[in-house]
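Asks: If you want the building blocks of each chain, they are given just below.
Number of protein chains: 2
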Amino acid sequence: MDFSSKLLENAVNEVSRLPGIGKRTALRLVLHLLKQPTENTKYLSEALLHLRNDVKTCEKCHNISDTVLCDICQNPKRNAEIVCVVEDIRDVMAIESTSQFKGLYHVLGGKISPIEGIGPQNLQIDSLIHKVEKGEIKELIFALSSTMEGDTTNFYIFKQIEKFDITTSTIARGISVGDELEYADEVTLGRSIVNRIPFEQSIRG
Amino acid sequence: MDFSSKLLENAVNEVSRLPGIGKRTALRLVLHLLKQPTENTKYLSEALLHLRNDVKTCEKCHNISDTVLCDICQNPKRNAEIVCVVEDIRDVMAIESTSQFKGLYHVLGGKISPIEGIGPQNLQIDSLIHKVEKGEIKELIFALSSTMEGDTTNFYIFKQIEKFDITTSTIARGISVGDELEYADEVTLGRSIVNRIPFEQSIRG
Numbered sequence: 001m002d003f004s005s006k007l008l009e010n011a012v013n014e015v016s017r018l019p020g021i022g023k024r025t026a027l028r029l030v031l032h033l034l035k036q037p038t039e040n041t042k043y044l045s046e047a048l049l050h051l052r053n054d055v056k057t058c059e060k061c062h063n064i065s066d067t068v069l070c071d072i073c074q075n076p077k078r079n080a081e082i083v084c085v086v087e088d089i090r091d092v093m094a095i096e097s098t099s100q101f102k103g104l105y106h107v108l109g110g111k112i113s114p115i116e117g118i119g120p121q122n123l124q125i126d127s128l129i130h131k132v133e134k135g136e137i138k139e140l141i142f143a144l145s146s147t148m149e150g151d152t153t154n155f156y157i158f159k160q161i162e163k164f165d166i167t168t169s170t171i172a173r174g175i176s177v178g179d180e181l182e183y184a185d186e187v188t189l190g191r192s193i194v195n196r197i198p199f200e201q202s203i204r205g
Numbered sequence: 001m002d003f004s005s006k007l008l009e010n011a012v013n014e015v016s017r018l019p020g021i022g023k024r025t026a027l028r029l030v031l032h033l034l035k036q037p038t039e040n041t042k043y044l045s046e047a048l049l050h051l052r053n054d055v056k057t058c059e060k061c062h063n064i065s066d067t068v069l070c071d072i073c074q075n076p077k078r079n080a081e082i083v084c085v086v087e088d089i090r091d092v093m094a095i096e097s098t099s100q101f102k103g104l105y106h107v108l109g110g111k112i113s114p115i116e117g118i119g120p121q122n123l124q125i126d127s128l129i130h131k132v133e134k135g136e137i138k139e140l141i142f143a144l145s146s147t148m149e150g151d152t153t154n155f156y157i158f159k160q161i162e163k164f165d166i167t168t169s170t171i172a173r174g175i176s177v178g179d180e181l182e183y184a185d186e187v188t189l190g191r192s193i194v195n196r197i198p199f200e201q202s203i204r205g
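So the sequences go chain by chain: G and V. If you're matching positions, the first sequence starts at 1 in UniProt numbering and goes up one per residue. If you're matching positions, the second sequence starts at 1 in UniProt numbering and goes up one per residue.
Do not rely on the hints blindly, as some may be mistaken.
One side of the interface only, derived from the structure: several residues of chain V facing chain G at Cβ under 10 Å [unchecked claim]:
#, residue
1, L8
2, N13
3, L49
4, D185
Derived DMTMM-like pairs: lysine to aspartate or glutamate, alpha-carbon spacing no greater than 25 Å straight-line [as the list claims (entries may be wrong)]:
#, chain 1, residue 1, chain 2, residue 2
5, G, K35, V, E14
6, G, K35, V, E162
7, V, K42, G, D165
8, G, K138, G, D91
9, G, K131, G, D165
10, V, K134, V, E180
11, V, K23, G, E14
Derived from the structure by calculation, the hints contain no laboratory data. Idealized CB from N, CA, C, for every residue including glycine.
Chain G extracted, bound-state conformation (with noise of 0.2 Å):
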């Protein structure tokens, strides 16, 4: 790219360093913050920096939070003997949408994945353990994606605490609600009939 402006360039270079995004993208939304009034880019500036600078990790969960302790962590009203076991906060923000789950979670921060680098010691499991070991928690629910790397990730933490008395599971996979049959792939459709629930159960919602 031909560039009349190193401050363009620049701006250009560094949107661009944000994934998913080339330099044609990085360009139009640069020209499109050219065309706003100067105080849209301040308020994104603004909004980045601090959110970079001032956010806090949840002590208990290690959910991205304002405080030493998160919203739901504080929440007398949920309960904190189920945890559910998720890869990153916008797990906990699906889940909380569907108003479903009424008990804690725990943000692993990814999963173990030897191809990316990312072993145990990067991630969150140590004060899960600690939390199992401590009896804080009776039921522990794995909701992390279903890849090779989720369920290496499950079957770490799950050898770690099989000793203590926890219930452990992990959330239903299955065809999705509103789905055809003949769409599903087979591995999906197999796991949903070795796994089928009663009947009078799917019935209450």
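Starting from the known structure of chain G, arrange chain V on it as the hints suggest.
Replies: For chain V alone, coordinates are given in the frame of chain G:
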């Protein structure tokens, strides 16, 4: 979306105000910044702020520039008598990347579009007419996009300059180099037949 952090929510809201970026994408981008070193967010914010506050518009061609006159207008090797009229800076960059044009540009800043409320007074049309009146320009090349708005803008400018002794042209429309005829739309194909060029000319370039 249920945000566990106001700082996060604010950053996601600001990022999702950019065109073509929804809340989910904004969240992905912002969480990416949180995983990167603090400096990356600092560089990004500073680059955007510097650009927005310090970038100039070339006095002569209205291209984005770090100086009062842009590099192209300052270049004594370029032919100031041939001026290519374009919508915005991206078109300048596209034409510059071909290395086929050695004249100057005139950036209108958009095209006449009653639907979007953009009239001739919102564009850099008066300054173009003024250049023509002063006799600075011998040839004007219209390189606006081939849409109704582009054609309207071309025609509006043409009506005001036709009384002056000046050559006007538009860039050639036709089948893209490397394209199969059968996939071309009929308007383009039709124009490419009407505006056919001597064979000897076609093999020169």
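Asks: Each hint: holds or not?
Replies: Hint by hint, here is what the structure shows:
{"no.": "1", "hint": "L8", "result": "holds (6 Å)"}
{"no.": "2", "hint": "N13", "result": "holds (8 Å)"}
{"no.": "3", "hint": "L49", "result": "holds (5 Å)"}
{"no.": "4", "hint": "D185", "result": "violated (23 Å)"}
{"no.": "5", "hint": "G:K35 - V:E14", "result": "holds (16 Å)"}
{"no.": "6", "hint": "G:K35 - V:E162", "result": "violated (32 Å)"}
{"no.": "7", "hint": "V:K42 - G:D165", "result": "violated (47 Å)"}
{"no.": "8", "hint": "G:K138 - G:D91", "result": "holds (21 Å)"}
{"no.": "9", "hint": "G:K131 - G:D165", "result": "holds (13 Å)"}
{"no.": "10", "hint": "V:K134 - V:E180", "result": "violated (45 Å)"}
{"no.": "11", "hint": "V:K23 - G:E14", "result": "holds (21 Å)"}
Comparing the model with each earlier hint shows violations of hints 4, 6, 7, 10; every other hint is respected.
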